[in-house]
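Undergrad: The lines below spell out each chain.
There are 2 protein chains.
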Amino acid sequence: MSDLTIWTYDWVPPGPRGFVRDLRLRWACEEAGLAYAVGTVASDDRQAAHFERQPFGQVPFLDDGELKLFESGAALLHLARKSEVLLPADPAGEAETLQWTISALNSVEMVTVPWWFLNISGDPQNGLTGWLTSRLDHIEAVLSRREWLAAGRFTVADLLMADVLRIPQVRRFGERPATEAYVARLTARPAFQKARADQLAHFAAADAARA
Amino acid sequence: MSDLTIWTYDWVPPGPRGFVRDLRLRWACEEAGLAYAVGTVASDDRQAAHFERQPFGQVPFLDDGELKLFESGAALLHLARKSEVLLPADPAGEAETLQWTISALNSVEMVTVPWWFLNISGDPQNGLTGWLTSRLDHIEAVLSRREWLAAGRFTVADLLMADVLRIPQVRRFGERPATEAYVARLTARPAFQKARADQLAHFAAADAARA
Numbered sequence: 317m318s319d320l321t322i323w324t325y326d327w328v329p330p331g332p333r334g335f336v337r338d339l340r341l342r343w344a345c346e347e348a349g350l351a352y353a354v355g356t357v358a359s360d361d362r363q364a365a366h367f368e369r370q371p372f373g374q375v376p377f378l379d380d381g382e383l384k385l386f387e388s389g390a391a392l393l394h395l396a397r398k399s400e401v402l403l404p405a406d407p408a409g410e411a412e413t414l415q416w417t418i419s420a421l422n423s424v425e426m427v428t429v430p431w432w433f434l435n436i437s438g439d440p441q442n443g444l445t446g447w448l449t450s451r452l453d454h455i456e457a458v459l460s461r462r463e464w465l466a467a468g469r470f471t472v473a474d475l476l477m478a479d480v481l482r483i484p485q486v487r488r489f490g491e492r493p494a495t496e497a498y499v500a501r502l503t504a505r506p507a508f509q510k511a512r513a514d515q516l517a518h519f520a521a522a523d524a525a526r527a
Numbered sequence: 317m318s319d320l321t322i323w324t325y326d327w328v329p330p331g332p333r334g335f336v337r338d339l340r341l342r343w344a345c346e347e348a349g350l351a352y353a354v355g356t357v358a359s360d361d362r363q364a365a366h367f368e369r370q371p372f373g374q375v376p377f378l379d380d381g382e383l384k385l386f387e388s389g390a391a392l393l394h395l396a397r398k399s400e401v402l403l404p405a406d407p408a409g410e411a412e413t414l415q416w417t418i419s420a421l422n423s424v425e426m427v428t429v430p431w432w433f434l435n436i437s438g439d440p441q442n443g444l445t446g447w448l449t450s451r452l453d454h455i456e457a458v459l460s461r462r463e464w465l466a467a468g469r470f471t472v473a474d475l476l477m478a479d480v481l482r483i484p485q486v487r488r489f490g491e492r493p494a495t496e497a498y499v500a501r502l503t504a505r506p507a508f509q510k511a512r513a514d515q516l517a518h519f520a521a522a523d524a525a526r527a
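Protein sequence lines, in the order shown, are assigned to chains A and B.
Each residue of the first sequence is one higher than the last, beginning at 317 in the working numbering.
Each residue of the second sequence is one higher than the last, beginning at 317 in the working numbering.
Hints in this document: simulated from the structure, not taken from any laboratory.
Every residue gets a Cβ at the ideal spot worked out from N, C-alpha and C, and that includes glycine.
This list has only true hints and no planted wrong ones.
For the chain A half of the interface with chain B, some residues (derived, Cβ under 7 Å), not all of them: (1) Phe372; (2) Gln415; (3) Ile418; (4) Met426.
Turn these sequences into a full structure, and let the hints guide you.
TA: Listed below in structure tokens is the structure:
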């Protein structure tokens with residue numbers, strides 16, 4: 317019996333499939349060998365109980381026995397404490413992993429997601445484009461000098477940064493060979509491939525149930 | 317002797333004074349009674365050594381003896397582990413504090429800062445305004461039902477969320493009485509007042525040295 321349950325939507329349209337953020341938590345559990353169940357909330361009609369668990373009406377959120385967390389970044393840091401595969405135990409490796417995990421959330425995704433949002437809203441030459449270029453160029457400079465962000469090996473920081481950088485509009489934005497190689501390398505990992513296939517199968521099963 | 321050094325710029329123009337993010341770390345140390353030194357890097361001419369410590373050329377970053385971290389959110393979570401004032405020791409309180417700390421960084425600031433950036437770039441009716449409204453309304457709904465975000469008492473999550481929400485353009489954006497009372501209550505704390513006064517004095521001393 318697993319005590320971990322990853323909560324996601326019951327169904328989403330084809331566009332976001334393979335990118336809904338429960339994938340981050342599935343991927344972390346697959347890397348660490350942690351068993352988990354998947355629970356669902358309605359995406360079409362978000363109920364008060366959903367907002368009680370996730371105040372913005374989003375997914376994912378995580379149950380770990382009695383503990384409950386929302387925010388994919390918080391759930392990742394929580395899961396990471398269960399396995400040295402995700403988070404080194406030595407203080408220097410732990411600090412470096414923490415800083416790059418937060419960097420993915422607050423320095424990179426803070427620009428990529430709003431830029432992407434304006435982009436798909438019909439404003440591809442939006443006012444965040446210069447800032448996006450600068451952030452991605454700095455990341456390219458880092459990744460051109462090393463294979464992993466923290467501790468000289470795969471950590472949860474790479475999992476998250478790769479998930480941030482693999483958004484198609486971001487991945488196609490300019491030529492950054494070290495970043496492209498990094499994203500390709502991370503998303504080739506069997507744990508990512510399984511997490512992605514499982515998410516796609518989850519939503520395909522929902523299609524079948526609706527048909 | 318303190319082993320903690322908070323790094324910030326040697327000087328900034330008047331506009332950002334009181335808002336440079338070393339304030340978050342000063343505030344956390346003041347709340348927790350942790351002694352710290354303040355180090356400076358040049359803001360006008362950012363050197364390679366600065367980018368080695370902070371890959372985007374920003375501040376703050378933190379030294380804790382041999383450990384070094386960038387990202388204010390990562391440094392806050394690192395400091396929080398030193399004091400139950402900032403982070404409850406029980407697993408439920410810790411998880412709740414972690415989720416709201418990440419929420420401030422990745423659900424609220426991910427919208428407020430890009431919106432603010434477009435706003436001060438001359439586009440106050442920008443394409444992020446609807447998203448900002450939605451996020452702030454959800455936070456208002458949460459804060460109208462409780463005084464603190466996590467564990468029923470002040471934590472590092474409140475410190476960070478209040479620092480995110482006190483940005484003047486965000487604070488003035490619409491009428492949200494519970495959020496306004498929350499920001500007023502948090503920024504009235506002596507630890508915030510001292511951190512802010514110390515940052516203002518730091519930059520005023522730099523003016524005097526340049527005069």
